[in-house]
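Assembly of the complex is requested from the two constituent chains, each provided in isolation within its own frame, with the hints serving as guidance.
This is what each chain is made of:
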Amino acid sequence: MAEILAPGKQQDGVGGGGGGFHEGDFGGYGSGPPPGTSRRIYRTGMWLGLLAISMVFLAFTSAYIVRSGLSDDWLPIELPRLLWGNALLLFLSSLTIERTRKALNGGRRAECNHWLAVTTALGVAFLVGQLLVWRQLASHGVYVTTNPSSSFFYLLTATHGLHLLGGVMALLYIVWQAWHYQLGPAKRTLVEVTAIYWHFMDGLWIYILLLLSLWR
Amino acid sequence: MAHAAGAHAVHEAPTGFIRKYIFSLDHKVIGIQYYLLALVAVWVGMILSLYMRLRLAWPTEEFPLVGGVMTPEAYLSLVTMHGTIMVFFVLTTAPQSGFGNYILPIQIGAADMAFPFLNALSFWVTFLSFAVMLAAFFVSGGAPISGWTGYPPLSAVGEVAGPGLGLGQTLWVVSLAIFCGGALLGALNFIATTLDLRAKGMYLMRMPLTVWAWFITAILGLLAFGVLLAAGVLLLMDRVAGTSFFIPGGLVISEQIISHKGGSPLLWQHLFWFFGHPEVYIAILPGMGVVSQILSTFARKPIFGYRAMVYAIMGIGGLGFLVWGHHMFISGMSPYSAIAFSVLTLSIGVPSAIKTFNWLGTLIGGRIRFTTPMLYALGFVSLFVTGGLSGLFLGQPSLDLYLHDTYFVLAHFHMVMGVAAIFGIFAGTYFWFPKMFGRMMNEPLGKLHFWITFIGVYAIFMPMHYIGIAGHPRRYAETSGVEYLGSLQPVHDFISIVAIVTIAAQFIFLFNFFWSLYHGEKASVNPWECTTLEWTVPSPPPHDNFGGHSPVVYHGAYEYNVPGASQDYIMQTSPEKVTH
Numbered sequence: 108m109a110e111i112l113a114p115g116k117q118q119d120g121v122g123g124g125g126g127g128f129h130e131g132d133f134g135g136y137g138s139g140p141p142p143g144t145s146r147r148i149y150r151t152g153m154w155l156g157l158l159a160i161s162m163v164f165l166a167f168t169s170a171y172i173v174r175s176g177l178s179d180d181w182l183p184i185e186l187p188r189l190l191w192g193n194a195l196l197l198f199l200s201s202l203t204i205e206r207t208r209k210a211l212n213g214g215r216r217a218e219c220n221h222w223l224a225v226t227t228a229l230g231v232a233f234l235v236g237q238l239l240v241w242r243q244l245a246s247h248g249v250y251v252t253t254n255p256s257s258s259f260f261y262l263l264t265a266t267h268g269l270h271l272l273g274g275v276m277a278l279l280y281i282v283w284q285a286w287h288y289q290l291g292p293a294k295r296t297l298v299e300v301t302a303i304y305w306h307f308m309d310g311l312w313i314y315i316l317l318l319l320s321l322w323r
Numbered sequence: 015m016a017h018a019a020g021a022h023a024v025h026e027a028p029t030g031f032i033r034k035y036i037f038s039l040d041h042k043v044i045g046i047q048y049y050l051l052a053l054v055a056v057w058v059g060m061i062l063s064l065y066m067r068l069r070l071a072w073p074t075e076e077f078p079l080v081g082g083v084m085t086p087e088a089y090l091s092l093v094t095m096h097g098t099i100m101v102f103f104v105l106t107t108a109p110q111s112g113f114g115n116y117i118l119p120i121q122i123g124a125a126d127m128a129f130p131f132l133n134a135l136s137f138w139v140t141f142l143s144f145a146v147m148l149a150a151f152f153v154s155g156g157a158p159i160s161g162w163t164g165y166p167p168l169s170a171v172g173e174v175a176g177p178g179l180g181l182g183q184t185l186w187v188v189s190l191a192i193f194c195g196g197a198l199l200g201a202l203n204f205i206a207t208t209l210d211l212r213a214k215g216m217y218l219m220r221m222p223l224t225v226w227a228w229f230i231t232a233i234l235g236l237l238a239f240g241v242l243l244a245a246g247v248l249l250l251m252d253r254v255a256g257t258s259f260f261i262p263g264g265l266v267i268s269e270q271i272i273s274h275k276g277g278s279p280l281l282w283q284h285l286f287w288f289f290g291h292p293e294v295y296i297a298i299l300p301g302m303g304v305v306s307q308i309l310s311t312f313a314r315k316p317i318f319g320y321r322a323m324v325y326a327i328m329g330i331g332g333l334g335f336l337v338w339g340h341h342m343f344i345s346g347m348s349p350y351s352a353i354a355f356s357v358l359t360l361s362i363g364v365p366s367a368i369k370t371f372n373w374l375g376t377l378i379g380g381r382i383r384f385t386t387p388m389l390y391a392l393g394f395v396s397l398f399v400t401g402g403l404s405g406l407f408l409g410q411p412s413l414d415l416y417l418h419d420t421y422f423v424l425a426h427f428h429m430v431m432g433v434a435a436i437f438g439i440f441a442g443t444y445f446w447f448p449k450m451f452g453r454m455m456n457e458p459l460g461k462l463h464f465w466i467t468f469i470g471v472y473a474i475f476m477p478m479h480y481i482g483i484a485g486h487p488r489r490y491a492e493t494s495g496v497e498y499l500g501s502l503q504p505v506h507d508f509i510s511i512v513a514i515v516t517i518a519a520q521f522i523f524l525f526n527f528f529w530s531l532y533h534g535e536k537a538s539v540n541p542w543e544c545t546t547l548e549w550t551v552p553s554p555p556p557h558d559n560f561g562g563h564s565p566v567v568y569h570g571a572y573e574y575n576v577p578g579a580s581q582d583y584i585m586q587t588s589p590e591k592v593t594h
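Keeping their order, the protein sequence lines are chains V and C. Here the first sequence is numbered in my numbering, starting from 108 and rising by one per residue. Here the second sequence is numbered in my numbering, starting from 15 and rising by one per residue.
These are computed hints drawn from the structure, not numbers from a lab. Among the clues, some could well be false.
[Stated by the list, open to error] Pair by pair, the computed Cβ-Cβ distance ranges are: (1) VAL254(C) <-> ARG295(V): 41 to 47 angstroms; (2) ASN212(V) <-> PRO552(C): 41 to 47 angstroms; (3) PRO556(C) <-> ARG295(V): 28 to 34 angstroms; (4) PRO487(C) <-> ASP179(V): 45 to 51 angstroms; (5) ASP180(V) <-> GLU87(C): 29 to 35 angstroms; (6) VAL254(C) <-> GLY213(V): 18 to 24 angstroms; (7) SER320(V) <-> GLU87(C): 44 to 50 angstroms; (8) VAL235(V) <-> PHE152(C): 57 to 63 angstroms.
[Stated by the list, open to error] Okay, derived cross-link-like pairs now, DMTMM-like style, lysine to aspartate or glutamate, Cα gap no bigger than 25 angstroms in a straight line: (9) LYS209(V) <-> GLU299(V); (10) LYS275(C) <-> GLU173(C); (11) LYS591(C) <-> GLU535(C); (12) LYS214(C) <-> GLU26(C); (13) LYS536(C) <-> ASP582(C); (14) LYS461(C) <-> GLU185(V); (15) LYS461(C) <-> GLU543(C); (16) LYS461(C) <-> ASP180(V); (17) LYS275(C) <-> GLU299(V).
Just so it is clear, CB atoms sit at the ideal spot from N, CA and C, and this is done for glycine as well.
Chain C on its own, in the form it takes in the complex (with noise of 0.2 angstroms):
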């Protein structure tokens, strides 16, 4: 705790293991955990999915683990863990907390966060939360089977209502609480570094939209995970307090009078809302921020619109709070403020095509590098406007209230927010592996990776629209019973085959990941020739960044291929003179 007064990375280099490698203060090495704790956590969801594809392709063979035929409830309880587990602990987790606290500080100029016990301390707030997490897994009842929203009064009646309910799903409402804490930390932090170390010379309009992902990320982190600690306070009060916040009165449940009375389930959509779909941006505007730097890197050319692409990540963060009533358009809501929250979502399509275009527009006439990096960085671009044009169709109430809570949403979500921002963290990945670990990802296996993958999830997701449209609900563990639904059971077939594909593909990542670590080509100091200040440090970047000095600033982030310049970028701490 001693070393909590350094402030600003003037704590000493550790030198005993615990101290360098678990306990450490140190923004890069607590970026790695965030982003193994990710990597752990996005295996434990994909296998969460890939026994529920298994589910619905063959829903009456016995499968290892499971003992016997998965139940429909266990079925369940995979649907809740996989989407908790997959949005808190990886999308939240990796882009924001990883890679931010890796690479923000450096590429501001700072030897470190401005908080580096608080950064070290909210890492560990969030692996226990992780480990409470899977605890649910492992009690009596198992899992909870109120999915990733936990909308009472399933979530808040107890056992009564199902396996799972019980113990399992007060250990999740404690879990996100704990999370809570930690995403809260980790937000404060980003923020208070972004504002008060950056390195003289390095404004506000020079920074690289990577940090101003970073940063308005956080803000939204600040003022949303506040909001579902207290819904969670409120609804574990209602499940060991016995108080009724959620739970209406004139409850029977398997036979049983339910005592709680007069509280209101909605009331629980509306907090987890408020949260929840500014968490949507969470884990979206990382991803934009790496793609807009991969996009110009790769493509030799400064991005489109700098400005506009910042007030268009501001646009979608302020926008990204009063949406949140689109998530309830069915729950009977006021068809006047229906048609609000429906014009202010679809209003977010302003700032999101302006991204989109200024992207393509940065591609046009460059002179591409179709390294790995960059084609998960046109992945990115391409799952985004696949999904966000799904969404124009869920912004409106009439079609919404067809589709929701079919697979059409299923795939909509899936689609932007979820491979959109892991194709961000793969990006991310290839493109820093070099600066982090010191050596280069192996690229023809890294294309492999891509291809199989971006074929993979576009197969996996597609159909899915169809089936929602066909009117197949989610969350049903089989098709079997419903007449309708038998014709679209070769869809499901299909879907599960291509999803056992594309999860073997991710052994591809895996094993060139930790080959790399060891026999991967040595990295210089700037192998993709990239202007920000993380590729003017050695790779890996010693413990204080910049050897105990601050670097000054000249230029923007994207000053490539300039006229009359002596090669084709300008680093931002060259002091040439540019005349644009």
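Next up, chain V with everything else stripped away, as it sits in the complex (with noise of 0.2 angstroms):
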């Protein structure tokens, strides 16, 4: 197992959800940035893509307050039971995601892919969950024109939802490497950033939820 997990020759390539990169290595030069270089600026640029997809967000909420106070128009809409269920999905894929991580760190690959496909897995479901509340709601004749309460909840829920499919390619493409069997404790930073914005979608997703709920 330990040639599997072993650094190995080095991978180019791009993920969804955090970019190629090389570990370590800055071949040929020599008195080049120091290492961990490149760990480093693949976090700090995930941190300021959620800095960005964050106020996105924030304007939306802002229209959204502004927009439920400006006429009398304004129906709160019931949100589905489902997306509570939805929740706790993606609440459980943040465990996995921690766990994937915590294995691949500690080189157990088996348990690795494991938690991998479950998070992947539990992501995917999720968004078949989403669809389902969309059509709970279509079946309700509650469109994205119906009234500006489901205006917002379409446009929050399916904005939310293209940011996760762009975590779920991610995911997909890191089991696309674990397949071929290149995934080893050389690729950790990829699956970190990985899990950092899978974490920040799950509490955007809370946000959402919360926002949707308390303010109607």
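Below, the structure is given as structure tokens:
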């Protein structure tokens, strides 16, 4: 197992959530950036990306609050209970991606693959759950244009869904790497930034649910 | 895509034409790509303004490509596209993405940007955005007429409200949304590069002021463009999905009842200007950085008050997020809010004055070399002061109530963020051209270009203050039909003639640029005797900038005329000891 997990030859590539990288090797760049630079810039980049995403949702939130107080046409929609089930899926996936990360860092390949698969499945299940929520609402006659509250509901959940889809793509890329025996500790930055992104999407989902249920 | 891996320009130097010049990951090539995109955009935007001036001076004449006498609606579409193209594809693109991309990594001693692939992606996304924007000219109904600020309901209700508000306006929104994507990727890259890839010894307080300006501008961009993106998504949904975020109820347009109800056009204004005011600083801050660099270099003196300059950039950037309401004084906002916005707005005068006086302090007692970049840097200071002073008028609600939507506003922002920023771009071009292309630009031609342009822009925009105070509204295609405007027509004629001359003078620049590419005098490594890192590498620099090793930095960026030093400047990388 050790040779499979060894850093091995360099891999190139880009993941949806984190991007490709070399870890610690700056081939021929003798007195170049100190070791660990690569890991640091990917973490910095991810946090900056999350800041930009936060600004989008902040703008939506401000629009939501202003629009809800504007005129008397605002009718709060009843949130389907399935939403909370989806929240549970996402919460669990945050736990499992942590298990993935720790297993990878500890060099426990089978365990890592196991939790990676579970995380990806939970992510996909969340997206399917969201589709079901939209279908439920539509079957009750609640569409995008039905009411400003439903417009915001679809807008917020769809924007979050798109971002989560990006996270799932990154996970699938990692799965693909694992499938080809290329997922070793050398790839820990990729998994780490994906995990940061994933946790953030989890937190963002809780935030959206609280906004939708408390500010009616 | 595979080459994204490098992260620090460990990607190999490409050999094929496509990988070297088209889909390159080299920050220098991408910087030039951004610059050339802005160069194309600025000519498009300038020709649009030429047509506007022609229409204003000779309202009944026919001009080529218009097809008969230009309609007032066509005039409005020129207004819209001129503003949009200039603000986004010139003022946001050239100083930050163009020069920033080329110079920033070298100035901090890095081999490339933090994320070379994202860098290339952000350029091509911006390119796509420009193509979509231009496409608006060629669709049924033509380009939109709602101004660069795209205020709803005009921008939201569709073509029932006028030509260009159908597909043209949709393309406009989509283009801006795409642009936001590219701008966010670029901003992220600039910040990560500055934070994590500085060479040994390049402490924050040793960074050139150019780097500080690009860095702070990137932070503004990261925080502002997401908000414009969100607003654009809401506007697009109002247009195509039938929602009512911005469209109020009870609208009847062209005898048609608009079915939307309950939305608020003011909501758009808040979101737009929350982005829009920082955007003004995104356009001007890089110019301030370039000017600081150039004034110090050609006065052969350290920049006066380096730390104060850094804090002033931060102050301007920070305050920029708190003043958006001054664009909305006439929107019926509470007078108390207006006062708060006004006080914050006027307080931007403090860091702006710090910068201006420090620039003057840098010049005093210097042995000034009046090169073309220096002339443009001095022109920048002049324009920034002139344009900034009229900001003190507009920042007060009582005066703004009268001056809002007049030519006074037009004159103000063209001076301070338009032409001043353009002068920053010219200064940067004449300054860094030798480094970027390995040849000097022609100095006599550069000086001729400067004097015509400098006098020209003052002759164009100073009279606009006066017709603004006289009550001339913006966006009117002609003065006929409004009695009191008739007497202002000679001013329009004058402005138009000067504008034609000034635009013609830009051919001097264009000729100088392309002639110098091939026939300019060969540039040495450090033709201006400047201290920063880009002047330690060949002109133009090799693929990985520093030939495979990282430089070590010993000094700040402005060690000119140091007592006891061996020459009148000390390179940042020189280990020479300095006693202050």
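Given the hint of 44 to 50 angstroms, is the C-beta distance from SER320(V) to GLU87(C) inside that range or not?
holds (47 angstroms)
Would you say the C-beta atoms of VAL235(V) and PHE152(C) sit inside 57 to 63 angstroms of each other?
Given range 57 to 63 angstroms: violated, Cβ gap about 42 angstroms.
CA of LYS275(C) to CA of GLU173(C), is that 25 angstroms or under?
holds (18 angstroms)
Can the restraint linking LYS536(C) and ASP582(C) be considered satisfied, given a maximum Cα separation of 25 angstroms?
holds (23 angstroms)
Is 41 to 47 angstroms respected by the C-beta to C-beta distance linking VAL254(C) and ARG295(V)?
43 angstroms Cβ-Cβ, so the 41 to 47 angstroms window holds.
Are LYS591(C) and GLU535(C) close enough, with their CA atoms no more than 25 angstroms apart?
violated (34 angstroms)
LYS214(C) and GLU26(C) were given as a pair; does the straight-line alpha-carbon distance stay at or below 25 angstroms?
Since the Cα atoms of LYS214(C) and GLU26(C) sit roughly 23 angstroms apart, the hinted pair holds (cutoff 25 angstroms).
25 angstroms limit on alpha-carbon distance, applied to hinted pair LYS209(V) and GLU299(V):
Cα-Cα ~10 angstroms, so holds.
Do the Cβ positions of VAL254(C) and GLY213(V) conform to the proposed distance bound of 18 to 24 angstroms?
With Cβ atoms ~50 angstroms apart, the hint is violated.
For PRO487(C) and ASP179(V), compare the CB-CB distance with the range 45 to 51 angstroms and indicate the outcome.
Check failed, 35 angstroms falls outside 45 to 51 angstroms.
Lying within 29 to 35 angstroms: is that true of the beta-carbon distance ASP180(V) to GLU87(C)?
holds (33 angstroms)
Are LYS461(C) and GLU543(C) close enough, with their CA atoms no more than 25 angstroms apart?
Holds, at roughly 20 angstroms.
Going through the hint list in order, the structure does not satisfy hints 4, 6, 8, 11, 14, 16 and 17.
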